[in-house]
Amino acid sequence: MEPNQGIKTWQWVVTVIVIIILIVLGYYLFKGNGTVPATTTDNATTTEPTAMGTNEVNRVMVSDQYPGNVVYISSAQFGAPGWVTVQKDNKGTPGAVIGTMYFDKGINPGKITLSEKTVDRGTYYAVLHSDDGDKKFDAAKDLPLKDSNGSIIMKIFHATTNITETKG
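Each step along the sequence shown adds one to the number in this note's numbering, with nothing skipped, and position 10 is 10.
It should be emphasised that the hints constitute simulated quantities derived from the structure, not laboratory data. Careful, some of the hints might be misleading.
Only pairs whose alpha carbons sit at most 27 Å apart, straight line, appear in this in silico DSSO-like list of lysine-lysine [as the list claims (entries may be wrong)]:
hint, residue 1, residue 2
1, K146, K105
2, K117, K91
3, K105, K136
4, K8, K88
5, K105, K91
6, K111, K136
7, K111, K135
8, K141, K91
9, K88, K105
10, K117, K135
11, K146, K91
12, K105, K141
13, K117, K88
14, K136, K88
Model the full structure from these sequences, guided by the hints.
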């Protein structure tokens, strides 16, 4: 009986140690040091500090879309109310604004109706903007939000008839 009891105790100790290690790793992965990576592979751009000086997280998640006059935002997260703009590509940077939608503070999905249709194989940008408090988009007053590195918070997406075409 004694040898079997020793093996069970050893297995129990190893199991407890593994559980403790998993809890500690999980804590650091989900809590970490309070910062969130600047980009993720989930079509998101994230930041802690915003252009408005708060310590709220701002991010946008959008996937490739079928061509048309609507863009579906999977998730827009704002520390303060703001705007998501859909912009055409201008030689690798956001260009003309073709759609806007106001979002309240928090995490919200959205559907943005565009002023002109997206075209197959086109590149577009979902860009986060602040709101000056009037709930009316004005590109001169409602400036793009920036992350802690000074980069505009945006997500590039494509219009395509074959959604799996640009994944990879």
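Against the structure, the hints come out as follows:
{"no.": "1", "hint": "K146 - K105", "in the structure": "holds, 16 Å"}
{"no.": "2", "hint": "K117 - K91", "in the structure": "holds, 19 Å"}
{"no.": "3", "hint": "K105 - K136", "in the structure": "holds, 16 Å"}
{"no.": "4", "hint": "K8 - K88", "in the structure": "violated, 64 Å"}
{"no.": "5", "hint": "K105 - K91", "in the structure": "violated, 32 Å"}
{"no.": "6", "hint": "K111 - K136", "in the structure": "holds, 17 Å"}
{"no.": "7", "hint": "K111 - K135", "in the structure": "holds, 17 Å"}
{"no.": "8", "hint": "K141 - K91", "in the structure": "holds, 24 Å"}
{"no.": "9", "hint": "K88 - K105", "in the structure": "holds, 26 Å"}
{"no.": "10", "hint": "K117 - K135", "in the structure": "holds, 24 Å"}
{"no.": "11", "hint": "K146 - K91", "in the structure": "holds, 20 Å"}
{"no.": "12", "hint": "K105 - K141", "in the structure": "holds, 18 Å"}
{"no.": "13", "hint": "K117 - K88", "in the structure": "holds, 10 Å"}
{"no.": "14", "hint": "K136 - K88", "in the structure": "holds, 20 Å"}
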